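Q: Each chain, written out:
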Amino acid sequence: MNERQTQAGLRIKSAYMRDRHLWRLIIIMLLWFIFMAVTRFSKFYTVVNFQTMFAQFPEFGLMSLGVMVCMITGGIDLSTVGIANVTAISTALLMQHIGGDSRHISVFWVVVVFLLAIVVGMIAGGLNGMLVAKLHIPPILATLGMGELFTGIGIVLTNGSAISDFPTTYAFAVNNRVLGIPVQFLIFAAAAVILSFMLIKTTYGKKLILLGTSQNVAKYSGLKVDMILIKTYLISGVCSALGGMIMLANYNSARADYGSNYTLQCILIVVLGGVSPNGGKGKISGVLLAIFLVRALETGLNRFPQISSYYVSLIWGAVLLLVMVLNYFTENDISLFKKKPNNFHAD
Amino acid sequence: MSEYLFRAIDIHKYFAGVRALDGVSLEIKPGEIHCLAGENGCGKSTLIKIISGVYQRDSGIIEFEGEQLKKITPIDAIKRGIQVIYQDFSIFPNLTVMENLAINSQLVENKRLVNWKHMRETARTAIERIGFKVDLDVTLGTLSVAEKQMVAICRALMFNAKLIIMDEPTTALTKKEVKALFKVILQLKEQGISILFVSHKLDEVFEISERFTVFRSGKLIATGNTKELDDKKFSYYMTGREFEVRSFVPDKLSEKPILEVDNLSLPGSFEKISFSVKGGEILGITGLLDSGRTELALALFGIHPAKEGEIRIHGRAVKISSPQKAIQNKIGFVPEDRLSEGLFLPQSIGDNIIISEIDHLKKSGIMDKKKCRDEILHWVKEMAIATPDPENAASTLSGGNQQRVVLAKWLACSPDILILNGPTVGVDIGSKHDIHGILQELANKGMAIIIISDDLPEVIENCSRLLILKGGKESGKMSTHEITEKMILDKMM
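First to last, the protein sequences are chains A and B. If you count the first sequence from 1, position 239 lands on 239 in full-length UniProt numbering, and the numbers rise without skipping. If you count the second sequence from 1, position 56 lands on 56 in full-length UniProt numbering, and the numbers rise without skipping.
Hint data in this document are derived by calculation from the structure and do not stem from the laboratory. Please note that the accuracy of each hint is not assured.
What the hints assert, rightly or not - Subject to a maximum C-alpha distance of 16 Å in a straight line, what follows is the list of computed EDC-like cross-link-like pairs (lysine to aspartate or glutamate):
(1) K224/A with E391/B
(2) K307/B with E295/B
(3) K219/A with E32/B
(4) K183/B with E32/B
(5) K206/A with E295/B
The structure presented is a predicted model; accordingly, all values stated were derived computationally and were not measured.
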């Protein structure tokens, strides 16, 4: 091998090493798309299929973005689904009230309802943040408790049944397409762009990563640890609330126990996207890829009628464990295949 | 039997092509206290791990009690009577003292059932051997570092140890505890046990050892009797550089003090502390571990704010209730523990440098990438941080360079007052010297500096005045002009 080739090889290797998670996701995604092309080309590669995918993933995609920021601080948000449902239920009830018997409201109200949802998310997330930052309750417990609390509020508000007789205008507005692109995806994209901007361009992103590495060092460096934590859980709350609004449109109804498997799925996505559960590490690009990959996997699986949807949990659990095991090997630089012994000897 | 209990001759060890040990030798006589010294990364730890069987040597001869050892496994080493006491002691914090002491013999005897009475007896004999008084039923986690170390020593003695290797045993001990440890070491010597004492602290080497060996970058530099060693030679062997002591003399003082502290109190930590520091001056604060020196430092930086008393900066009374307030008042603080307080180890050197001034590095809300980069490069150059790329993680640096990163972080905030708690703990001699140079230079540029340290030569050399604390109270103030360590120690104890 001549020198130039080795140089190029090294450069590719270092680019790979720098963003291993990202490259691994891209490779898995390509393999999956090739597999689908070979086996189910006509059923998978249709415009409608992709439009459906892009309308579906924003629900848990938004929640995953919330879990991501919390996990970068070394915490977690288990209350996302609870916040999403309580937001969906309260806004559905509100729209019922506004619409009355006509089952119709103006676009103005749709916008107001969205802004209100954001406020609900801020309050819920802010409460999470206060519990974590001010009372020093471990995030896993604080958000688990809050999640149960929100689900409980949802059940009380609805008596445990679904609300579906709210104005149809809302579902119609969100289930729409602009130039063939689903509105759900546009909402997701807007949130993703804003969050990317915050994480990459503002000092918040840098502070978040460093805080996740060590809260103690952050304190000694003069960072406002409490404020950053509250802000982070607040962002997560807003993401969850928006996710709930999309669920409301997609199901055209609200219920306290919708999307209960999303909690696990969000964690799966975030870890798959390369965020360390110990905090201090993670990129939004990886999480965005992982969100899309998980949706593509699920949609692809649905194209095989012989695989029952009962297997979905099993598959997600297995994938999550596989990722953790892979991370263990790459992070400790253990090669699965034994290297040939190095022949280093005294000269 | 030969004159030596233990001999290692011409040992080589490579890690993936890096020469960790390059033909080093070490000879220990029976009943001798031998000191192995060298800076971080000189190969001391590698050699210890080879002796205890954790690593295998690539070439060289090892003899123990006149017998050549071909391949050493950890169990071999223990059976032959070689015991290592590591820095973390390898003890179980959730078990009691008795269980910790008895567990290894239980394992060696391969018993499945626990005989509590027998365990108690073995444990008792072990602690009596060095006259160590401790309640056998206390959970280990509740003991002090020094007591944990004693437990580890007792455990080592239970296996008929002939050679005990102590890896930097004094790092986390107070002065009193070091004295107690030395007494125990002398007792062990009387019982005919050889001790290999690994340290890079000069005064300890002089005090305890009979013979010494110094390594530098994997090579044997010098070995001989400690009596023939002096300060200058020792530093030279360790670093390959010659240093002259530069005693600090303030160049020009500001007219009025920058920082004035009046009757500052935090109940349970310190009481009625008063002092002032002028620009261009270095004040030393010293005292034992429980003197309240660290608590005072934390109060000045707003981590644990003081309850009573007044702090004035440039003559204006200020309330320092949080680190942000301290930074606003132009105070910088280099904390005691670099690893858990000073540095984000897995993050880049650059991010570590700019994190405290990051809010000044943005343009209309957006981080100014170019400004950040310039700032990082400026400080890496200014502080002579030895790294090929500031994007590398801070954990890749040596102790001395890591400390420079922490210093750079605060200097980047251009403070008027810089407080350093143990500025050179765990830093090699060369870097220590350089850091002292930097601090003296900063003082000469008009900064007010406070060094909090129990390293007496350090405070004497670098400070112009000294405040001594004892039990949370002031026990003396002196000028470091013509002062001796003895005078300070009298006030500290």
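Q: For every hint, state whether the structure bears it out.
A: Taking the hints in turn, this is what the structure says about them:
1. For the hint pairing K224/A with E391/B, the CA-to-CA distance comes to about 25 Å; that exceeds 16 Å, so the pair is violated.
2. Between the alpha carbons of K307/B and E295/B the distance comes to roughly 12 Å, so the proposed pair stays at or under 16 Å and holds.
3. At most 16 Å may separate the alpha-carbon atoms for a hinted pair to count; K219/A and E32/B exceed this at roughly 47 Å.
4. Under the criterion of a C-alpha separation no larger than 16 Å, the hint pairing K183/B with E32/B is consistent with the structure, at around 14 Å.
5. About 30 Å separates the Cα atoms of K206/A and E295/B, which puts this hinted pair outside 16 Å; it is violated.
Hints 1, 3, 5 from the list above are not met by this structure, while the remaining hints are.
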